[in-house]
Amino acid sequence: MTSFRIEGGTLIDRSDVRRFTFNGEALSGIGGDTVASALLANGKQLVGRSFKYHRPRGILTAGAAEPNALLTIGRDGRRDPNTRATMAELYDGLEARSQNCWPNVSFDIGAANGLLGPLLGAGFYYKTFMWPAAFWEKVYEPLIRKAAGLGRASYDPDPGYYEKCWAHCDLLVIGAGPTGLAAALTAGRAGARVIIADEGAQPGGGFLAEGSPVGGKPADTVLADIIGELHALPNVEIRKRTTVFAAYDDQVFGAVERVQKHLPENEINPHRAMERLWRIVARQVVLATGAEERPIVFGGNDRPGVMMAGAMRTYLNAYGVAPGKRVALFANNSQAYQTAVDLEARGIEVAAIIDPRTCPNINYAGKARLIAGAMVRDTAGRRAIKSITVRHDDGSDEVIAVDALGVSGGYSPIVHLACHRGGKPVWSDAHIGFMPPEKTDGMTPCGAVAGKAGIAACFAAGGVAAVKALAELGVMGEAASLPGVEQTAETVDHIQPVWRVASSKGKAFVDFQNDVAASDITLAMREGYDHVELAKRYTTNGMATDQGKTSNVNAIGILAENKRVSPGEIGTTTFRPFYTPVCFGALVGASKGMDFQPVRKSPLHGWAERHGAKFVETGLWYRSSWFPKDGETFWRDSVDREVNTVRTKVGICDVSTLGKIEVFGTDAAEFLNRVYCNAFLKLPVGKARYGIMLREDGFVYDDGTTSCLGENHYFMTTTTALAAGVLTHLEFCAQVLWPELDVRLASATDQWAQMAVAGPRSREVLSKIIDDDISNEAFPFLAAREVSMFGGRLKGRLFRISFSGELAYEIAVPAGYGESVADAVMIAGEEFGIAPYGTEALGVMRIEKGHVTHAEINGTVTPADLGMGRMVSAKKDDFIGRVMNLREGLVDPSRPSLVGIKPKSPSDKFATGSHILNPGDDVSLANDQGYVTSMCHSPTLGHPVGLALVKNGPKRHGEEVVIWNGLAGTTVTGILCDPAFVDPENEKLHA
Amino acid sequence: MRYSALSLLGNAFSKNKNWKPAWRNPDPKPHYDVIIIGGGGHGLATAYYLSKVFGVRNVAVLEKGYLGSGNIGRNTTIIRSNYLLEGNNPFYEFSMKLWEGLEQDFNFNAMVSQRGVINLFHSDAQRDAYTRRGNAMRLHGVDAELLDRDQLREKLPFLDYENARFPIMGGLMQARGGTVRHDAVAWGFARGADQNGVDIIQNCEVTGIDRDGNQITGVQTTRGAITCNKLAMAVAGSSSHVAKMVDMRLPIESHALQAFVSEGLKPFIDTVVTFGAGHFYVSQSDKGGLVFGGDIEGYNSYAQRGNLACVEHVAEAGMAMIPALSRVRILRSWGGIMDMSMDGSPIMDRTHLGNLYFNGGWCYGGFKATPASGYCFAHLLATDTPHETATAFRMDRFARGYLLDEKGVGAQANLH
Amino acid sequence: MSSLVKCPHCGLRPREEFTIRGEVAAPRPSAGADEATWFDHVYLRDNPRGEHREYWHHAGGCRRWLVLSRNTLTHETSDVVDASTLKTEGAR
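Chains as they are written, first to last, in UniProt numbering: chain A, 1 to 991; chain B, 1 to 416; chain C, 1 to 92.
Note that these hints are calculated values from the structure, not bench results. Check the hints yourself; a few may be wrong.
[As the list claims (entries may be wrong)] On the chain B side, residues computed to face chain A include the following (Cβ under 10 angstroms): (1) A5; (2) L9; (3) R115; (4) R138; (5) H140; (6) A144; (7) A315.
Positions of the beta carbon are idealized from the N, C-alpha and C atoms, including for glycine.
All chains, full assembly: derive it from the sequences and hints.
Structure below.
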């Protein structure tokens, strides 16, 4: 056994020896240890260095509030920086390293900063590093950044699996100490659905650190009985290693469960979560989070070996670790005396108890010398405490040799979760602490968080709180009680606030991790940063990884003392999530890597894959963008071939991702007439029409075709990007604006596989598989109706519409038949030289034809800007966007409008996103004429073509302009022209 | 007291006991030439430039809480001028130029750090949009570079290039963009304005606005009535609430935006990076914390806090961009309330009440705009004409249809 | 109620299932209304600090538009109705 390990320990199993390394040194601990308890057992008091002055620091606490003992644990992808040694469970083979020190934790060059202490006071950086001006970014800041930060993040991928769940319960009990266990037991026995969560490795809280019997039985036996009963209740769920980190609206609580963080690598089940995020919906909550013991601000209070008195008890009783061999206590309250009792019970010498109260009314019968009315003024020791200097009430000093000092400055209720929804904590002079807000709807704070002390009082309070919470749910309950424990009248511990020891000579720290001393708080005040929030921001007090758990109230106390007001008048800074830090992995769960967002695949995806498609992400979809053939090495080889094939023969393209909406109802036509800016009332059965949808602000929202498939039945297509948006918009119109219309909407995007068959031979191809007559006479341009296929074996929908500008059809079949039909089209088209084409070729052909997409419909254009002003009905008295479309700024003749653009020299290239300038004009934003919205190489014309939005564009066909791409450093002379580069007379469409 | 190496050294020798308050804590006078409602970044900057550049010194800034208690201390500290539209771009570039000389100007180190801002793109369409934007910036002389994937890899080796759902194709970089220590901006402007005679009055909430017909005569506050010749609103987040005191309705909704900071880490992210396939932007502070944020909550809110769904959303986008974040712990989240205007751009104008001036609607752009907003608002207050870079921010642009819609999503505030 | 919404059709559902449009503005004007009335409808908002009526869409559920009466300061919701009732009952 190691030198500081003594007998006892409720949490450890001595038969389970675990090896670990600390800064490369091989050490051993015991199963049940935290890294902190194992380090202390090995006599390691110095474990880290502070942020600014690199002062040696030891382990201060035994829990979540630890500001000093932050270690990097693990390696590679399992490397956890900034891990609190007090919370990390020891596993066999664990590797821990100190942070923020170089070359090592015992000898750290950065400690030289301490010599500059007076220069580096609060806010010093705001007053300096300004001369010469350029030096901040070139010299000072790089130096500061080099020194910044705590641990180093891993750059390797995390092999761990994470998950997220919802949980629902009648009662959520936060904290499984005596209070919480009593509440859970009470509610559990009453049959309520209970979740009790605790951040510790084992439930128990105060029971685990208790050295004295409870009701005549050892505390751990009492605890085991309670846990045993809770486990036996099917309606109670005990979640250990689970931190409830935030309270959100509607009683939703965020909690993170460290499922496998305590296991060595070889025991981790890769199919189980490392950590699990719980979103807990609780009808009622019992807040049993306890209270945080406060340090006292005195000279050298940060020296390794100085520890919270309560933490000493925990190490002693739960882990069987002695905090030192000769210990002193500095406490302003009577509760802390229990530490002396427990130390002495284990045979550890308590050199002195220093109590600032002149006549502490205590019930202590131990051997330690009690020095009343005194303060610990300073400490000494290089890397760990060697002695303390006590200032007696007569002003004399006395040096006492010790190797550990327990400190207790009172107790701060852990009110965080009661305040996350905006509640403000309330100062209590009786408790010398900030209590939970008076109004905490649906949440009952009780036990130590409500000012109670001791196992008996807390257990009783937990039971009462649960009864009250159950009553809110209409459930009767009876408060659980501890066998053999008599309820005694409550005694209030008289705590004498000590916000700082005025006689201290050495640096007296408030915020240990951020090296904020009492003098810094005073300086901030002197300079006008006297509001608690300004003091925090100016000094960085409370902004470290512990979020001020041990420092905030002391800082408030110092401000109050300086201003001669009550701490209640100073108030706290805002309590915000997270109670303790939560890793990204837990919040992300499984939504990472390729699973960041779901994938949508067209019903023709497999067909496209079989034809070698290259896919591209389009929103959530993977769309086939081109289909390379053997010998084609460059994407444009394939795209040019596909375009030529469609323009001269026939091609097939998957257009299933277009949004599809079925519109039914006796008022469907009227509805469409109101949502499109062009007329739809008289669209005959069997016809499709191109429509433009405006937003109510008069700008173009989306476009697409809508077909009348029967009386009171229409089929709308939208762009891929706005499929969901348009449906939502239509539902708003139908449900909110015009609920009186008889119209029903249903998304059918996923129900239909839809393919464009385009090219001069498309009719011949389709005739082979479609039973109906689809001659130009029987099925002219914009015809749309159900057709019979394959000799009546399948019904599909055929639309004679064209995005490519060729003779073209779109055929829709139920999604499950998609691939078979596409195969059939390919077979039917073989003799005509059919080829699949992708979105790239489609994009080329629509630019050649001057058709617009969302590259042009960018949310700031009107129909007139797109050359479709005449489509906006002047006859309809109402449609979405009618009035706002007429505003001055939307009809301004100088608005950029759609034109074609091509290079003057056919060999010149230009890029989408280039801006248009008039020849000879200066390069300036004021001279900006517009920009290129789309461009491509036109295999049909043999040179680049593009579309652009240019001021007065349509009136400037034939004009020379400068196509300016400053990013690429290129300028090209371009010519504005008609956007329809191919077949401007639409002869092909009607062929 | 002027800050200098000498003053710092001198005070170190006297144990820092002789530092003077950075600003006075005056009681309100009965009358001011100009009252500015709102002691946040924009209000303080307005007071600073009014007193310094335009010689208007009989000025009060009324702050209901502590100075800088609004969005100036709640943002993700990013500055940039990578805007697209002619109405926005020159204004934000003017702001960038002011940032570049700010610290020398107000003798306060706000840690302006031009470490670069990179916006990632993941598709041809996004690349085209950034090409358009980068060229618009260049047209105005703003620095912009389009980086390809290899160039990005050199600067940002830790991004997910291989295994990503939305592979990164490249990025638009503004090298002059960066970060600033946000609180220090408020303090620097406050100290500078105070030295010029401006009264900064904290804990002074405006509870009513007095008017005589269409003229504002003064304000009612929790510290008494104060009269003024001109009244200026700089209360973004609460604009509608204050405007209601004069029965004005605005094209603005108030929305909550959460921001986050991680535990301190050794430096690994040098620039500001914005994800293009989700809502996430991040930088690393000089203290080592990753400072990041995402999208607004979506519902109207004045509560300065958000909900878990949004937290998860931000974390997911963050890890999609930087897989190494998995074990990085998020330390704290907080919330600010933003004026989301109906076209996503700010409003800075004289109102129909002749001597009431409005500054708000900043959406996500408030912090980076702080110096220019102050300068231009001071210009408007002092001269009754808009500054040349702020002529597009007129109140009537919505009615007239001259919108400044960078995202092109129209009249729905929570989409901007 | 910004974490959970009590949909009148589906019961208590998480916020993630909803998309939010914003304030219930002045009602959509009649066809003949003047531009100022339209401007008010499209652009102007009360945006109160306190009780607020707003459109939420149960996009991941029944796909009905709802009107929430929700406090923007406390996030507490006092009422949720199907939005079609606004017009049919002539509310506002």
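> Hint by hint, which ones does the structure fall short of?
Replying inline: Of the numbered hints given earlier, the structure breaks none, since each of them holds.
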